[in-house]
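Based on these hints, arrange chain B on the given structure of chain A.
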Amino acid sequence: MRKILTFFFMCFCTHAVAQENILSTPVNVSLDSANIQTFVETIEHQTNCFFYYDDLKFDSFYVKMHVTDMPLQQVLDLAFKNTGIYYSVDERKSIFLTVNTTIALALGEQPPAVIVKSKYLHNKSNAASAANSRSNVVSPARVNFEENKIYDIGFKANEFGTGAATVAGYVRHNKTGEGVSGASIYVEGYRARAITDQYGYYTLTLPKGKHILRITCIGLTDTRRQINLYTEGKLIIHMTDYITSLKEVNIAGEKTSNVKSTVVGFNKVNIKTVKQLPTLLGEADIVRVLLNLPGVTSVGEGSTGLNVRGGAVDQNLVLFDGATIFNPSHFFGFFSGFNPDVVKDAELYKSSLPVKYGSRLSSVLEVSTREGNQNKFSGSGGVGPLSGHLTFEGPIGKNTSFIIGGRSTYSDWTLNLLEDEKYKNSSASFYDVNARITHTINDRNTIYVSGYMSGDKFRLDGDTLYQYGNKNAVVKWKHNFNNRLTSIFTAGYDRYDFQMESEQQDVTDFKFKFDIMQYHGKLDFTYVPNTVHRFETGLGAIYYKSHPGTISSVGKGSVVPDKMDSEQALDLAAYVADNITITPDLTLNVGVRANYYGYFGPRTVYEYAPGVPRDVRSITDTINKTGNIKNYIGLEPRVSLRYTLPDNNSSIKVAYNRTRQNIHMLSNTTAISPVDTWKFSDDYIQPQVGDQVAVGYYKNFKDNTIETSVEAYYKWIKHTLTYKSGAELFLNPHIETDVANATGKAYGVELLVKKTAGKLTGWVSYTYSRTFVKMDDPLVLSPINGGDYFPADYDKPHVVNFISNYKFSHRFSVSLTANYSTGRPITVPIGRYYYGGAYRMYYADRNTERIPDYFRTDLSMNIEGNHKTNKLFHSSFTVGVYNLTARRNPYSVYFVTENGKVNGYKLSIFGSAIPFATYNFKF
Amino acid sequence: MRRTRRYIVYVILALGCILYGACKDPYTPDLQGKNINYLVVDGMIVVGPSTTTRIMLSRASALKDTAKMIYETKAKVTVEVEGGGSYDLVESPIGTYTASDLNIAVDKKVRLKIATQKNDQYISSFVPVRNVPPIDTIASYRKNDVFTVYVNTHDPSNSTKYYRWTYEGTYEYNSQWYSRQVFNNNDSTLRSRPYSEQVKLFRCWKNLVTNSILVASSERSSVDQIVQEPLQSFNRDQIEISVGYRILVRQYALTSEAYDYLNNVRKYTEQLGGIFDPLPTELRGNIVNVQNPAEPVVGYISASMETTKARYFSRPSYSTFENKCGFATEVLDQSKAGLALYFGYDRGYPVFLDPEEKKLGVTGSFRCLDCLQLQTGGYNVRPDFWPF
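Chains A and B supply the protein sequences, listed in that same order. Residue numbers for the first sequence, in full-length UniProt numbering: 1 to 923. Residue numbers for the second sequence, in full-length UniProt numbering: 1 to 388.
Hints in this document: simulated from the structure, not taken from any laboratory. Note that the coordinates shown come from a computational prediction; the quantities given were computed from them, not determined experimentally. Mixed in with the good hints, there may be bad ones.
Which stretches of chain A does chain B cover? Using the computed rule of at least three CB atoms under 8 Å from a CB of chain B, they are [as the list claims (entries may be wrong)]:
hint	segment
1	157-164
2	485-491
3	506-519
4	557-570
5	782-794
6	825-832
Keeping only pairs whose Cα atoms sit at most 27 Å apart, straight-line, the calculated BS3-like set for lysine-lysine is [said to hold, decoys possible]:
hint	chain 1	residue 1	chain 2	residue 2
7	B	34	A	679
8	A	457	B	143
9	B	34	A	556
10	B	143	A	511
11	B	34	A	774
12	A	457	B	24
13	B	161	A	511
14	A	563	B	161
15	A	471	A	774
16	A	556	B	161
Glycine included, each C-beta is placed from N, C-alpha and C at the ideal position.
Next up, chain A with everything else stripped away, as it sits in the complex (with noise of 0.2 Å):
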């Protein structure tokens, strides 16, 4: 509101000489499709008037009026006109528009005060009712009044009219002005709906006419909005922390989307969720609650590399705000590289991949930051037992915010508290870095321009430094063109770099390092014409470029330099794709993606005879070729389709994807490490192929509130590598002669219980999946399991997962995880034999027993200060135990010679119970 309304009650006679003064004032008003507010400082600036209204109710106001010394009083009657709105003068020169009532402002009448009666006032919250005096942020009181407000949208005409229009804008966060995404909007009476972005914007086609919005979206209190849609408009929707009523539930509506979007294996995961969780270390960690979802696993405890519904690691494309994050993961896989107060949440698609991404064949995973408090600057940070971090947030301007954050690690310092000598002389420590502005040029375009920087480093014993991070820059230009095209432009860059320098004084003194990046562009257009259809159609180009491996003396070093050479390559897609609302109960999403990935020189290509197994025996040439080397190309269709069931509770989807992969991680290892370098398709390695087919059967019970589903997959993988025994793949120029083709196959049922409200949250899922890997290429004359289907190394058939957290009071919550899975394969020896004067281990097949299970829970207590609003400070306290059990859970099981003798150990990360406390404040 434009003044404050309770500026009535001080006025209390009115002055006829006053009011003939003001009203015969003439004014000059030139002004087209002007709003209220330009029209009202218009007049304003010539005459001493005042002017006191409720923009809201004047938002589909304009004006268009071109007079000369026209008399004030004439000018409004002819502004006014046909429009309900009604102005009164009173004697300090005030003049109050009102809308649909006259107010007279007589001796002892009260002007109207807009009291809305509210259901917050008898909720006994301190925070919702402290309604934020000392900011300019829309209260609850306020939110309440724009629940009962009519809008009225487009030009308004006394008719609605006949057909269609769209209704577009923002979904906001009160407090913050943030974008709230994936916030769920329906209709009443209708089965439109639509669904916000990762910006918080929406568009909605209904008949003309007038609706009731409801607006729900999970931690955020249902709304809803009454508007008169006439033409096509705007309405922006403000909504409010859900604070949690202990003794009453009071929700309706739709909590997500998963009875009815069309999106197949999909799960989003809330930062909230994350930080009420027991963490590792203290450390909140989004990927590590990532792995509680069905059928998302890891081969350890110390890997955060995620296993999506039997796909590799690699296979998953890790997108930051739309960043490639080529190595996601800090202290060796420890911990992931996102910071928890940065991020707002992660979306991961394990079967309908949108058609907008590529380039990874098993998963999309989507980690959003924050866009920064539009409302004003504010900070949070905490300390933990491993880092420490610190965020701050505000606006810059009327239409800028930016978000700054950064975690550091103080490990050396722990280390250096160790007694061992062996220890006192190791570091280890990370850093990363966030920063991200949000700039609103008009209510069309917005520009989001974001970083991302992280830095690893450790040291063993004096011996040799180990240095790894990511760099990664991303603008974003959206762009609406009307409410129903929507386009979004993104360019970056990202890269990974890796070093190790050897350190012993001595000749064997070297420096390796290698590095890959990218270039990226794309172009993504969203078209809604009807109520019928969604296009989604674009662009995308990426230019790969790595460096495989450069090895250098240093020192005394007398290495003999060594370069391989550099990889690039273009990867070239387009992808258009409908959502069609055949019935409201039946919706099917057809679309289609076209890649083109090209190879290019300079670079030696070793030639091979042909029908012979390629090694280095095999070479018949070396040929150093420059421009395009070789092509692939390929299309990606993409299905899925959901049926409503009639009780409007439960639907049925079905989904096939098919997915490339141009670029792939070597790692013949269990788990990947930061020493993995990437290969890009060639001659000879081919990019990997993926199809799924997907079927589900969601319902939901008691208003949303519980959601279950079960889901089941089939995956075929083509042309994965896999790699010969002995491989070598440090500094080898010849990939090619080590990595052989292979096949694989995944299927699985996922089943999952989820609770979204009350006092008690979290989930229970099952997870039935297997994965199998083949080696049959035909160049490898003796391949693995005699070219047999062998379990991957991440095959977990069983897995079971619970997550819960209970909030006794406001203040107070308790959250308690149990993972249990059935331990990993391993190649177990099958003989011994005595050879170098001990007994010895004789393998053969690959995979063949599996490690224990595996049994971890976790526990948290989450205590948080006082609520009251106008606190400088909000801080809150979490202590738990990671592994309460104390289990030791197998790691890895190897077996040794040791003093002639074969000896077996398993190997597990944390032997006790591992208790840690953080504290978190927030100003």
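Relative to chain A, chain B alone:
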């Protein structure tokens, strides 16, 4: 370079384990295994004067076999030179086939032929006889209180590149006390033991043989030089370095393929296995069964000249070895009756509790006075090469 992944495992252990308690537990799963009896050919063709070629033939066995080695005996083993000439090997001792002073020129190609008792024919690929440079140094370093013997070598002609070593180690160890005196039950007196007998009881030696695969390469270096390649390590409290240690190192040259094979055997069977280690797989050497080429045969035959070097190390200053074989108490009553009570009929044995040998003590077990009983496999004849 090859140690990279290993260090990563160490870091994980350092972070997760050492901070919160040790996490390596013995694990003996009930592995079925298979009844494999593949032929194992261990050894290499060694060429040159005063060298011995030793090829040991045995059979691989099931995992659970606790039985001793299954030797392949009474086989006919021959070294064959390309373009004519062959040398028969003689079985001595059982399962080991030897030939001495093979006179074959460097770079000639040789192969090994085996005809087993059952007349299965095995043959290795032809491998060149490789020349080998002399060993530069055998020395030791101390790192984190571990005593490590290393070798340095180099080839000025830059042609060797791949090296293998074996060693014969000998260490001296002593009993806890000198047995200076003998108790005579007849007259309840203590008499001096003859000095030579005292020494025989006190000083013992024991031999160590290579039980790990020691290979190194300088393929990535511009100079053909191996620096401080560790051969053997002892913790500071180990008995092997309590008195003195002597090592004789034999150096051989390998081909690149032989190096790869041996290095992989080492990787898969000796080195700490972790999540960042390569997955173990079946390894194929260069020996095949002529009738059945698909039959797995363990081993890789290579041929080389030999150079040797020996070095003696005295007890390092940081050794913390203490002989904790037993304890002794002071003899307070040195009358005849008292001595009889202490020492009569092997109830106890006289020792001296102080370096000045004034304070008489008694210990209960003769094992602590006789080094032969202290460790199995020891001997009390001073080897010729021992410096004192």
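Tested hints:
1. Counting residues of the segment 157-164 of chain A whose beta carbon lies closer than 8 Å to any beta carbon of chain B gives 0, which falls short of the minimum of three for the stated coverage.
2. For the segment 485-491 of chain A, the stated coverage by chain B is violated: 0 residues have a C-beta nearer than 8 Å to a C-beta of that chain, whereas at least 3 were required.
3. Counting residues of the segment 506-519 of chain A whose beta carbon lies closer than 8 Å to any beta carbon of chain B gives 5, which reaches the threshold of three, so the coverage claim holds.
4. With 4 residues bearing a CB less than 8 Å from a CB of chain B, the segment 557-570 of chain A meets the requirement of three and the coverage assertion stands.
5. With a threshold of 8 Å between beta carbons, the proposed coverage of the segment 782-794 of chain A by chain B holds, since 3 of its residues qualify and at least three are required.
6. With a threshold of 8 Å between beta carbons, the proposed coverage of the segment 825-832 of chain A by chain B holds, since 6 of its residues qualify and at least three are required.
7. Annotation: proposed proximity of residue 34 of chain B to residue 679 of chain A is violated, straight-line Cα distance about 38 Å (limit 27 Å).
8. Taken as a hint, the residue 457 of chain A and residue 143 of chain B pair is honoured in the structure, with Cα atoms around 23 Å apart against an allowance of 27 Å.
9. As the CA atoms of residue 34 of chain B and residue 556 of chain A are separated by approximately 50 Å, the hinted pair breaks the 27 Å bound.
10. A threshold of 27 Å between alpha carbons decides the hint, and for residue 143 of chain B with residue 511 of chain A the separation of about 23 Å falls inside it, so the pair holds.
11. For the proposed pair residue 34 of chain B and residue 774 of chain A, the alpha carbon gap of about 22 Å is at most 27 Å, so the pair holds.
12. A threshold of 27 Å between alpha carbons decides the hint, and for residue 457 of chain A with residue 24 of chain B the separation of about 26 Å falls inside it, so the pair holds.
13. Between residue 161 of chain B and residue 511 of chain A, the direct Cα distance comes to roughly 20 Å. Compliance with the 27 Å bound is thereby established for this hinted pair.
14. Proximity of residue 563 of chain A to residue 161 of chain B is assessed by CA-CA distance (about 20 Å); at most 27 Å being required, the pair is judged to hold.
15. With a CA separation close to 36 Å, the supplied pair residue 471 of chain A and residue 774 of chain A exceeds the 27 Å bound.
16. With a C-alpha separation of about 19 Å, the suggested pairing of residue 556 of chain A with residue 161 of chain B holds against the 27 Å cut-off.
Checked against the numbered hints above, the structure violates hints 1, 2, 7, 9 and 15; every other hint is satisfied.
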